[in-house]
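There are 2 protein chains.
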Amino acid sequence: MKLDPSRGPIYLQLAQEITRWIARGDLQPGDRLPPVRELAKRFRVNPNTVVQVYGELERQGITHTQRGRGTFVREDVEVAALRRALLQEAAASFLEEARALGLTLEEAMAALQEVVHARPTEGDR
Amino acid sequence: MKLDPSRGPIYLQLAQEITRWIARGDLQPGDRLPPVRELAKRFRVNPNTVVQVYGELERQGITHTQRGRGTFVREDVEVAALRRALLQEAAASFLEEARALGLTLEEAMAALQEVVHARPTEGDR
DNA sequence: GACATTGTACTAGTGAACTAGTACAATAGT
DNA sequence: ACTATTGTACTAGTTCACTAGTACAATGTC
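Protein sequences appear in the order of chains A and B.
Residue numbers for the first sequence follow our numbering, so the first one is 1341 and each next one is one higher.
Residue numbers for the second sequence follow our numbering, so the first one is 1341 and each next one is one higher.
Warning: the hint list may mix true and false statements.
Stated by the list, open to error - Pairs of lysine to any residue residues, derived as SDA-like cross-links and limited to a Cα-Cα distance of at most 20 Å, are as follows:
id: 1; chain 1: A; residue 1: 1342; chain 2: B; residue 2: 1349
id: 2; chain 1: A; residue 1: 1342; chain 2: B; residue 2: 1432
id: 3; chain 1: A; residue 1: 1342; chain 2: B; residue 2: 1348
id: 4; chain 1: B; residue 1: 1342; chain 2: A; residue 2: 1440
id: 5; chain 1: A; residue 1: 1342; chain 2: B; residue 2: 1429
id: 6; chain 1: A; residue 1: 1342; chain 2: B; residue 2: 1440
id: 7; chain 1: B; residue 1: 1342; chain 2: A; residue 2: 1432
id: 8; chain 1: A; residue 1: 1342; chain 2: B; residue 2: 1346
id: 9; chain 1: A; residue 1: 1342; chain 2: B; residue 2: 1433
id: 10; chain 1: A; residue 1: 1342; chain 2: B; residue 2: 1347
id: 11; chain 1: B; residue 1: 1342; chain 2: B; residue 2: 1381
id: 12; chain 1: B; residue 1: 1342; chain 2: A; residue 2: 1349
id: 13; chain 1: B; residue 1: 1342; chain 2: A; residue 2: 1429
id: 14; chain 1: A; residue 1: 1342; chain 2: B; residue 2: 1442
id: 15; chain 1: B; residue 1: 1342; chain 2: A; residue 2: 1442
id: 16; chain 1: B; residue 1: 1342; chain 2: A; residue 2: 1439
id: 17; chain 1: B; residue 1: 1342; chain 2: A; residue 2: 1433
id: 18; chain 1: A; residue 1: 1342; chain 2: B; residue 2: 1345
id: 19; chain 1: A; residue 1: 1342; chain 2: B; residue 2: 1436
id: 20; chain 1: B; residue 1: 1342; chain 2: A; residue 2: 1348
id: 21; chain 1: B; residue 1: 1342; chain 2: A; residue 2: 1352
id: 22; chain 1: B; residue 1: 1342; chain 2: A; residue 2: 1436
id: 23; chain 1: A; residue 1: 1381; chain 2: A; residue 2: 1410
As the list claims (entries may be wrong) - One side of the interface only, derived from the structure: several residues of chain A facing chain B at Cβ under 10 Å:
id: 24; residue: 1345
id: 25; residue: 1357
id: 26; residue: 1424
id: 27; residue: 1426
id: 28; residue: 1429
id: 29; residue: 1432
id: 30; residue: 1434
id: 31; residue: 1440
id: 32; residue: 1441
id: 33; residue: 1442
id: 34; residue: 1448
id: 35; residue: 1456
Claimed, not checked - Pairwise CB distance ranges (calculated):
id: 36; chain 1: B; residue 1: 1384; chain 2: A; residue 2: 1375; range: 38 to 46 Å
id: 37; chain 1: A; residue 1: 1444; chain 2: B; residue 2: 1454; range: 14 to 22 Å
id: 38; chain 1: A; residue 1: 1345; chain 2: B; residue 2: 1388; range: 18 to 26 Å
id: 39; chain 1: B; residue 1: 1436; chain 2: A; residue 2: 1406; range: 31 to 39 Å
id: 40; chain 1: A; residue 1: 1450; chain 2: B; residue 2: 1459; range: 12 to 20 Å
Bear in mind the hints are in silico, worked out from the structure with no lab data behind them.
Given the structure is predicted, the values throughout are model-derived calculations rather than measurements.
Just so you know, even glycine gets a beta-carbon here, dropped at the ideal spot from N, CA and C.
Take these sequences, add in the hints, and give me the full structure.
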């Protein structure tokens, strides 16, 4: 995962990446996130930036934080729903781009198939 | 089209939007783009920002500029290829997100269908 | 109680992006 | 030659994001 300022603020990209960790089960409800200073080192950003990341996740209701203890995935997070929400957002973006280009759904799906077949994935084997 | 600093630099978003205009035929090869000051007004940005936009489009080989005359879509731009490239980039983003979420191609396609059916498009009628 | 770990607040600084404004250079039309 | 139109360069400023560093507060362990 590469942080790229041309794709928006770093802290939002990182918040998205942590959300993916939760969505795919790398982190479970109740799990503790890496401490601020540890994540800062891992991603080579400033600890204050990670504080912003964790603040954003808290605002989105995904985590809760306690000074002196850490930041935790909320117990009531529905991982499957989170995953579906992230994927549907990506799907919506794709369809919106097709719409903005004046293309039909069929044309969008055809383009998708071309990309699928161009990549070495299990969808192609 | 909404310019949102949280999605990266304004000038890159605008460059993408102009590229869409070309890709869907709103602007044809040889056509002149709106003058810098006019586009600035339309999108409520600074003319210097539009100069950056046009600079980026020139760097990408989509337009060429002449002081005193204007900025033009290059005659040799292949509109269909440009459209395909933009859509495939969007498709690749979508698939990459599915991959990052640890999902199979089938699951990705299912999520896409859900979004399709949730929207009032011709694909659903 | 001391210590380690964790989050937080703050100051001061840097850099990129964007803005406002002015003025100049090239081109085209009359 | 003059004017209008277009792009460009520049200065000076603001804002936001990020950084580096320091120090404090809360929590948990021993």
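Comparing the hints with the structure gives:
no., hint, result
1, 1342(A) with 1349(B), "17 Å, holds"
2, 1342(A) with 1432(B), "16 Å, holds"
3, 1342(A) with 1348(B), "15 Å, holds"
4, 1342(B) with 1440(A), "13 Å, holds"
5, 1342(A) with 1429(B), "17 Å, holds"
6, 1342(A) with 1440(B), "13 Å, holds"
7, 1342(B) with 1432(A), "16 Å, holds"
8, 1342(A) with 1346(B), "17 Å, holds"
9, 1342(A) with 1433(B), "14 Å, holds"
10, 1342(A) with 1347(B), "15 Å, holds"
11, 1342(B) with 1381(B), "14 Å, holds"
12, 1342(B) with 1349(A), "17 Å, holds"
13, 1342(B) with 1429(A), "17 Å, holds"
14, 1342(A) with 1442(B), "18 Å, holds"
15, 1342(B) with 1442(A), "18 Å, holds"
16, 1342(B) with 1439(A), "15 Å, holds"
17, 1342(B) with 1433(A), "14 Å, holds"
18, 1342(A) with 1345(B), "19 Å, holds"
19, 1342(A) with 1436(B), "13 Å, holds"
20, 1342(B) with 1348(A), "15 Å, holds"
21, 1342(B) with 1352(A), "18 Å, holds"
22, 1342(B) with 1436(A), "13 Å, holds"
23, 1381(A) with 1410(A), "16 Å, holds"
24, 1345, "8 Å, holds"
25, 1357, "8 Å, holds"
26, 1424, "7 Å, holds"
27, 1426, "6 Å, holds"
28, 1429, "8 Å, holds"
29, 1432, "5 Å, holds"
30, 1434, "4 Å, holds"
31, 1440, "5 Å, holds"
32, 1441, "5 Å, holds"
33, 1442, "4 Å, holds"
34, 1448, "7 Å, holds"
35, 1456, "6 Å, holds"
36, 1384(B) with 1375(A): 38 to 46 Å, "43 Å, holds"
37, 1444(A) with 1454(B): 14 to 22 Å, "19 Å, holds"
38, 1345(A) with 1388(B): 18 to 26 Å, "20 Å, holds"
39, 1436(B) with 1406(A): 31 to 39 Å, "34 Å, holds"
40, 1450(A) with 1459(B): 12 to 20 Å, "19 Å, holds"
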